[in-house]
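There are 2 protein chains.
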Amino acid sequence: MDAKPDLHRNTRVVIVGAGFGGLAAAQALANAPVEITVIDRRNYHLFQPLLYQVATAGLSPADIAWPIRGILRDQKNVSVQLGRVTGVDTVRREVLVSGRRIPYDYLILATGARHAYFDHPEWEGTAPGLKKIADATHIRERILMAFEKAEAEDCDSDERVRLQTFVVVGGGPTGVEMAGAIAELAKTALASDFRVIDPSTTRIVLVEAGPRLLPSFPESLSAVAKRSLERLGVEVCLGAPVTLCDDAGVELAGERIGARTVIWAAGVMASPAAKWLGADRDRAGRIKVDADFSVPGRPEIFAVGDTALAADADGRPLPGVAPVAKQAGRYVAAVIRSRIEGRPTPAPFHYRDFGNLATIGRKAAVADFGRIRVSGFLAWVLWSVAHVYFLIGLRNRFVVALTWLWNYVTFQRGARLITGGDSEEASSPAEPETKVRRVG
Amino acid sequence: MDAKPDLHRNTRVVIVGAGFGGLAAAQALANAPVEITVIDRRNYHLFQPLLYQVATAGLSPADIAWPIRGILRDQKNVSVQLGRVTGVDTVRREVLVSGRRIPYDYLILATGARHAYFDHPEWEGTAPGLKKIADATHIRERILMAFEKAEAEDCDSDERVRLQTFVVVGGGPTGVEMAGAIAELAKTALASDFRVIDPSTTRIVLVEAGPRLLPSFPESLSAVAKRSLERLGVEVCLGAPVTLCDDAGVELAGERIGARTVIWAAGVMASPAAKWLGADRDRAGRIKVDADFSVPGRPEIFAVGDTALAADADGRPLPGVAPVAKQAGRYVAAVIRSRIEGRPTPAPFHYRDFGNLATIGRKAAVADFGRIRVSGFLAWVLWSVAHVYFLIGLRNRFVVALTWLWNYVTFQRGARLITGGDSEEASSPAEPETKVRRVG
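The listed protein sequences derive, respectively, from chains Z and D.
Okay, so the first sequence: first residue is 1 according to the numbering used here, each after it adds one.
Okay, so the second sequence: first residue is 1 according to the numbering used here, each after it adds one.
It should be emphasised that the hints constitute simulated quantities derived from the structure, not laboratory data.
Quick caveat, the model's predicted, so the values are computed rather than measured.
Please note that the accuracy of each hint is not assured.
The list that follows gives simulated cross-link-like pairs (lysine-lysine, DSBU-like), each with its CA atoms no further than 35 angstroms apart [what the hints assert, rightly or not]: (1) D:Lys131 x Z:Lys131; (2) D:Lys275 x D:Lys288; (3) D:Lys275 x Z:Lys131; (4) D:Lys363 x D:Lys288.
Sample of chain D residues with no beta-carbon within 12 angstroms of chain Z, all distances over it, derived [said to hold, decoys possible]: (5) Glu148; (6) Pro211; (7) Ser216; (8) Ala248; (9) Gly254; (10) Asp282; (11) Lys288; (12) Pro299; (13) Arg337; (14) Gly376; (15) His387; (16) Ala415.
All C-beta atoms, glycine included, are put in the ideal place defined by N, C-alpha and C.
Just chain Z, with the same shape it has in the complex (with noise of 0.2 angstroms):
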């Protein structure tokens, strides 16, 4: 086969994943002589920066999550499909879906990445990590189950103290914001729920293997960031790389934390895309492209955003953020439509780098825009700013920035919902019928 273009059709873009970069790619192709086919295994675009607080109960999965049909619905060269990419047939130009075969010309894999355990997969069941909406949700689960079982009458203090135990690992971004919201939720919103227990004496243990928190930022905002969660009331553990996890808690170089709740924040690897291909990649899955974002010897094949291992003009490598990805997608569409139109390549990929946030709780944030540094409130006040701002959709932006303000008014939480089936495993149903005591 041939990649010279059919004159009598479009030239065909299939974008797999319609994350940052994907659904950044399609957009910047609106006007562009191509018949374009998004993929994707989910129906919906994730802000997944805010994951973590569908995760602690701040906010509910429709606020933060739009459905892709209706972001492109006006764009008519568009055509979406859900479904799972299972293979890529480089040779017949075509992507494996579901059964289905759906050809291309120009192909851009936007499959984003995982949470990686790396050489221990068999933790993943006993620490969940969060990367989609029912990722969030079973967590969201997991954290007021725990508080529920406390709860119960027949629970003994030493169980009670591990299920009050809240242990987090790694020490990036997403391990930073999820520690200070567990805290804020069990010190805040469900300080007067219980009658039994006292949320406000829940442990949360931030672990994070190397020696400080946020390595991405400077080394002064990780020390402001350590500051804040410790008097949010999180014990941050440095340099102390987690060497057991199980159902009853971690271990830490020999020190062992009971835990009932673990959760994983330390580790992502790329989708299988580098695979599909057989392409050149690095240890977390990432596929070694060109400075374009092609694959080597694969001009027609592109990657962008956490599938991709890119560097900038100036050979820095580039973060797995949502800037990067999105101007990536856009720099790939570029590229496409030089090339159909026989105009010269764009000039190389350079990162604008806008600045770099991170929130910890209620009022603490930290802000690194290069020479500009911000922390604390008026970080926190950015951070919310630009979050409202980059959410799709106006109702959304609306609805965040509403229960953002009530949630900071009131310390409340409105989405506190278990809905995964009937709460059966309350108590264990099998715990023989002694100690009745009534506690008012």
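On the provided structure of chain Z, position chain D as indicated by the hints.
The following block gives chain D in isolation, referenced to the frame of chain Z:
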């Protein structure tokens, strides 16, 4: 054992179920010298009348549900236990909950009802009903997935018709509201989301075994409801009992309607509370209670809401609606207080009927206030205001009002999320890899 209160402790009131009835009883006992335990299988109180809006992607679960602990947090004489009640030991006066025993002096059973298939339990897998949040998100997924499957390129045209046909069984308020909401979802919110199919050609059939819709309303309003639905494009089949229900559709007295999505809104069956007591019950499993809602022969046990078959002071059977449950819950609280305080029993229960409302799509509704009957847009406004007013929590009222306004103005539905795992179902993976067409 004896009913005489031990003077060294407060009277123990156990309430099973935190729906409208149970919650009203607990709140009405706020200042009584009692120790209340509220037991529920779920951690949230659900505003069931709006559940169909979650099922049709209009609202998020957290908009119509509120954690029970949050509602009762400031009422110091209440403790909340999450657990499933499996029986009642009426001799020792203990409730059996997930292997534990919780003693009571007074017991209020407010365990509600589930949808029922009566002689056809095998239909449950095919035709889901709507009683809890997981039901609503499941139905939402089924509805949205039907459109996704129809859009898949390898779907044949007969299957496409079946996928775009929705049958709602049951012409009561839930069925009427559900059919109207599906029609609007398909014909407005989804109208331009697809490229292969045209959602506006979706067929929605509302099937009712009896001679008219909304049998609890005056006949004139039943006729209005039918006309309003038909204006939305819903086919209404009256006097049409379902004789068969399977994966490919339903059969109505010989006529077959091919449909991949059938929703059950035809009958309810009370919780097994009557069985726990061995009490006298009707066909729908409701306990035949005395005038004060106590169980005959068990003056210390009460049943309210959908668990009870009760009559008004003038002998009319009480309908299974939220206001009845709330008023009965408060009445039982008053009865218990009068007994504890040795005061005379309150005047016989009289249901204060403030009217009956049902909505049909985005601007029609019917309202029956006894002598005054309203329909059309005014009824729809009344319906909206009443439902926002009765929601628990200022935040929920605000977000729901805002979301409705938003949906109304934009014709959009924000909560169109398919969140249950990945969408491998989008097309059958065993499909032979032929028929590859490209649809732009």
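Going through the hints against the structure:
For the proposed pair Lys131 of chain D and Lys131 of chain Z, the alpha carbon gap of about 29 angstroms is at most 35 angstroms, so the pair holds. Of the supplied pair hints, the one linking Lys275 of chain D and Lys288 of chain D holds, its CA atoms being roughly 12 angstroms apart against a limit of 35 angstroms. Taken as a hint, the Lys275 of chain D and Lys131 of chain Z pair is broken in the structure, with Cα atoms around 44 angstroms apart against an allowance of 35 angstroms. Distance check on the hinted pair: Lys363 of chain D and Lys288 of chain D sit about 39 angstroms apart at the alpha-carbon level, beyond 35 angstroms; violated.
Under the 12 angstroms C-beta cut-off, the non-interface status given to Glu148 of chain D relative to chain Z is violated; the minimum distance is some 5 angstroms. The Cβ of Pro211 of chain D sits about 37 angstroms from the closest Cβ of chain Z, beyond the 12 angstroms cut-off, so the non-interface label holds. Even its closest Cβ contact with chain Z, about 30 angstroms, leaves Ser216 of chain D beyond 12 angstroms, as expected for a residue assigned away from the interface. With a minimum CB-CB distance of about 21 angstroms to chain Z, Ala248 of chain D clears the 12 angstroms threshold, and the non-interface call stands.
No Cβ of chain Z approaches the Cβ of Gly254 of chain D within 12 angstroms, the least distance being about 36 angstroms, so the stated non-interface status holds. The claim that Asp282 of chain D is not at the interface with chain Z holds, since no C-beta of that chain comes within 12 angstroms of its own (minimum 25 angstroms). For Lys288 of chain D, the requirement that its beta carbon stay farther than 12 angstroms from each beta carbon of chain Z is met, with the minimum near 27 angstroms. For Pro299 of chain D, the requirement that its beta carbon stay farther than 12 angstroms from each beta carbon of chain Z is met, with the minimum near 22 angstroms.
A cut-off of 12 angstroms between C-beta atoms confirms that Arg337 of chain D is not in contact with chain Z; the least separation is 18 angstroms. Distance to chain Z confirms Gly376 of chain D as a non-interface residue, since its nearest Cβ pair spans about 27 angstroms, more than 12 angstroms. Every beta carbon of chain Z lies more than 12 angstroms from that of His387 of chain D, the smallest distance being close to 17 angstroms; the non-interface claim holds. For Ala415 of chain D, the shortest C-beta to C-beta distance to chain Z comes to about 4 angstroms, within the 12 angstroms cut-off, and the non-interface label is violated.
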